[in-house]
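Peer 1: With the hints as extra help, turn the sequences into a complete structure.
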Amino acid sequence: MFLLLTLAVTSIIGTVIPQGAPPPEYLQTIGENKFKLYKTLGFFDMYHSGWFILLLALLTSNLIACSIKRLPQIWRLITRPTTVMDEGLGKSLSLIESVSVHADRSLLRDKSIALLRAEFGEPVVTEADGSCHLFAQKTPWCRLAVYIVHLSIIVIFIGAIIGSIFGYKAHVNIIEGEAVTSVMSRTGKEIPLDFAIGCEQFSVSYYDTGAPKEFKSILTVLEDRKPVPGFTRVPIIVNDPLTYKGITFYQSSYGKVGEHHFIISNRDGSNKTQLTVDSSSSAKLPDGSGMHVLESTQDISPFQPGMSGPAAHIEVHTPTGETKAVVIYAQYPELNARTSEQNGLPLISYTGGQEQEYTGLQVVKDPGVWVVWLGCFLMVAGVYAAFFMSHRRVWIRITDGEVTIGGHSNKNQAGFQPVFARLVERLRNDISGEGEK
Amino acid sequence: MTSSLLFNSTTIAYLASMLLFFIFLASRSRGVGTAGSILALVGLVLQTVAIGLRWKESYALGVGHVPLSNLYESVVFFSWTIVLFYFFLDLKYKHRVIGAFVMPFALLGMAWAQLGLNSGIEPLVPALQSNWLLYHVVTCFLGYAAFAVACGISVMFLIREGHERQTDISGKSIVATFPASRILDDLNYKAIMIGFPLLTLGIVTGAAWANYAWGTYWSWDPKETWSLIVWFIYAAFLHARITRGWFGRRAAWLSIIGFAATIFCYLGVNLLLSGLHSYGGGS
Numbered sequence: 001m002f003l004l005l006t007l008a009v010t011s012i013i014g015t016v017i018p019q020g021a022p023p024p025e026y027l028q029t030i031g032e033n034k035f036k037l038y039k040t041l042g043f044f045d046m047y048h049s050g051w052f053i054l055l056l057a058l059l060t061s062n063l064i065a066c067s068i069k070r071l072p073q074i075w076r077l078i079t080r081p082t083t084v085m086d087e088g089l090g091k092s093l094s095l096i097e098s099v100s101v102h103a104d105r106s107l108l109r110d111k112s113i114a115l116l117r118a119e120f121g122e123p124v125v126t127e128a129d130g131s132c133h134l135f136a137q138k139t140p141w142c143r144l145a146v147y148i149v150h151l152s153i154i155v156i157f158i159g160a161i162i163g164s165i166f167g168y169k170a171h172v173n174i175i176e177g178e179a180v181t182s183v184m185s186r187t188g189k190e191i192p193l194d195f196a197i198g199c200e201q202f203s204v205s206y207y208d209t210g211a212p213k214e215f216k217s218i219l220t221v222l223e224d225r226k227p228v229p230g231f232t233r234v235p236i237i238v239n240d241p242l243t244y245k246g247i248t249f250y251q252s253s254y255g256k257v258g259e260h261h262f263i264i265s266n267r268d269g270s271n272k273t274q275l276t277v278d279s280s281s282s283a284k285l286p287d288g289s290g291m292h293v294l295e296s297t298q299d300i301s302p303f304q305p306g307m308s309g310p311a312a313h314i315e316v317h318t319p320t321g322e323t324k325a326v327v328i329y330a331q332y333p334e335l336n337a338r339t340s341e342q343n344g345l346p347l348i349s350y351t352g353g354q355e356q357e358y359t360g361l362q363v364v365k366d367p368g369v370w371v372v373w374l375g376c377f378l379m380v381a382g383v384y385a386a387f388f389m390s391h392r393r394v395w396i397r398i399t400d401g402e403v404t405i406g407g408h409s410n411k412n413q414a415g416f417q418p419v420f421a422r423l424v425e426r427l428r429n430d431i432s433g434e435g436e437k
Numbered sequence: 438m439t440s441s442l443l444f445n446s447t448t449i450a451y452l453a454s455m456l457l458f459f460i461f462l463a464s465r466s467r468g469v470g471t472a473g474s475i476l477a478l479v480g481l482v483l484q485t486v487a488i489g490l491r492w493k494e495s496y497a498l499g500v501g502h503v504p505l506s507n508l509y510e511s512v513v514f515f516s517w518t519i520v521l522f523y524f525f526l527d528l529k530y531k532h533r534v535i536g537a538f539v540m541p542f543a544l545l546g547m548a549w550a551q552l553g554l555n556s557g558i559e560p561l562v563p564a565l566q567s568n569w570l571l572y573h574v575v576t577c578f579l580g581y582a583a584f585a586v587a588c589g590i591s592v593m594f595l596i597r598e599g600h601e602r603q604t605d606i607s608g609k610s611i612v613a614t615f616p617a618s619r620i621l622d623d624l625n626y627k628a629i630m631i632g633f634p635l636l637t638l639g640i641v642t643g644a645a646w647a648n649y650a651w652g653t654y655w656s657w658d659p660k661e662t663w664s665l666i667v668w669f670i671y672a673a674f675l676h677a678r679i680t681r682g683w684f685g686r687r688a689a690w691l692s693i694i695g696f697a698a699t700i701f702c703y704l705g706v707n708l709l710l711s712g713l714h715s716y717g718g719g720s
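Respectively, the protein sequence lines represent chains A and B. Per the working numbering, the very first residue in the first sequence carries number 1; after that it's consecutive. Per the working numbering, the very first residue in the second sequence carries number 438; after that it's consecutive.
To be clear, the hints were calculated from the coordinates, so they are not data collected in a lab. Accuracy of the hints is not assured; some may be wrong.
[Said to hold, decoys possible] Per the computed footprint, the stretches of chain A lying under chain B, defined by three or more beta-carbons under 8 Å from a beta-carbon of chain B, are: (1) 213 to 225; (2) 235 to 248; (3) 359 to 367; (4) 370 to 382.
[Claimed, not checked] PhoX-like cross-link-like pairs, simulated, lysine-lysine; straight-line CA separation at most 25 Å: (5) B:627 - A:411; (6) A:216 - A:226; (7) B:627 - A:138.
A quick note: this is a predicted structure, and the numbers were derived from the prediction, not measured. For glycine and all other residues, C-beta sits at the position ideal for the given N, C-alpha and C.
Peer 2: Below is the structure:
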């Protein structure tokens, strides 16, 4: 229990300190001394740090030790139940009733066996010290449920370890119309696939509000450069991945690659220079401003009826710290001139560019995931059985002239009481009729 | 009729129900207690209809989805599950007065949602477009509701137990209407016993969903970590009770701490920390 609370408290650290961000970011926010301290303590990646894993290992060994200590006793209780209710046991039971009756013992025995068989469970019959003893029980195995929960935690850990040793998490960008045969792991290592995966098409759709509705890639798996039947032109969206040979591809990001060409000059048209801007990065203008392309089109007519030709929506960061977002055209120099005038920018005109969309896929191989699910299933089933099922036992002792019935439930006594009362009632009815004959 | 009108009526019903329960505490008139329960039930029915209507309205807007997707919808749902869980306990164990300590949670949720949160129906971002949303949110919130009720019961326990230790409970004291501390202690345990498997299921469905959407069932995201912290606390509660015999005050305090952690897991993480569940940031 102490371990559980320690884990709870230490886990908080990792939620307050962002995990896995680059060092400069930390240095900015917390200063150098703290940074060094936190780094030594492993706070920046604390869930993989030695001491946190040690805590988890301690939890595991604690679980195993506790289970081993208690299990033999519980096991004996289940496999070799006390089938005879002697004086001592009878006294320890809170549910116990006696019925006096003058009848033949073997008849009482048969009646009682029939009753238990019909109402509770198959009885075990023992003859001992001049009495006849019956014993029946229900769901004795639910006493094991708590150990199943403990086991399930270990199974989940095993699944996670299998996943981290034999699996990987990686990322790959595929340009529309192209295919790749390897992916990049999180640590920057290239991992070859033994097949190729191609992106036929990528598209984004939006709601009327402008919020993204769906990112979709159409993927094809290729073996020896031939499409694999059943894995051709498969649409992948967020929440609907593609799995092939144990490797799963998830839609995770997208973007554009390509370049754009601009001509920059002073506002009077002097000092013309050509500038090429990469889709994903920014470039410097001669006056020291930085600029990058937000979006572009090679034909503006669908967006601005009556106009045509290429256009680019660019963002300029001026040396004075201002940010201006403007639209620059290829075929409308007078509009460009007005834009530069109004915003105090150099004269910029767009001459066009090529751009291709790429899809960003998360690539995961995790052979341990089924073990983890098995563990989760065991845990849910175990927790349910541990809380909501009880081991119920009933003993009947028959001597000449007296039948005694005792009952016990390891949990939920309140729920067992009416069941026991009904059993006693039935027993009384069944045997009292015999006594009067 | 619109869902927002019904949500307003629900809030009023919960407010009235809470006030009646308070009067019930002071007056100990059975009729008032029954009226409090009935109003809570009326509120629950109104709210159920309102949630259904909002669901339908989202389809009319062309962005149809289960109304569990933003902070407003989840707070409303949380309040609904709390009242639902209270009725479950009331039917089973018949301690009506607990309502006085549970309805404030439900009212607080509704009032906050109605007054402070953006109630617009928004389209779902791609990551939320999954049936797992339903399974995950429903199981988690039923668990949270059980913990909320357990917390209310624990507060009652501490008050009642304090009085029992100092003096004999006089017939006229408000505390005399509370169930005996032994019963409250048992109800606290029972509520957590129901909440814990639900929370477990909520974490498992969340992990399954994450695995299906991103390929990682566990990424130590702040929300995931906090849900684990909550799980650890209640696991510790159950262990303390079963193997060490922690009853009474210590159990009640642990239950209150557990619920504080639950609330932080639910709201604090959304509002203060960043992560996959940061839907609450821009209320």
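Peer 1: Decide, hint by hint, whether the structure agrees.
Peer 2: Hints and how they fare:
no.	hint	result
1	213 to 225	holds (count 3)
2	235 to 248	holds (count 5)
3	359 to 367	holds (count 4)
4	370 to 382	holds (count 5)
5	B:627 - A:411	holds, 12 Å
6	A:216 - A:226	holds, 23 Å
7	B:627 - A:138	holds, 22 Å
The structure agrees with every numbered hint stated previously.
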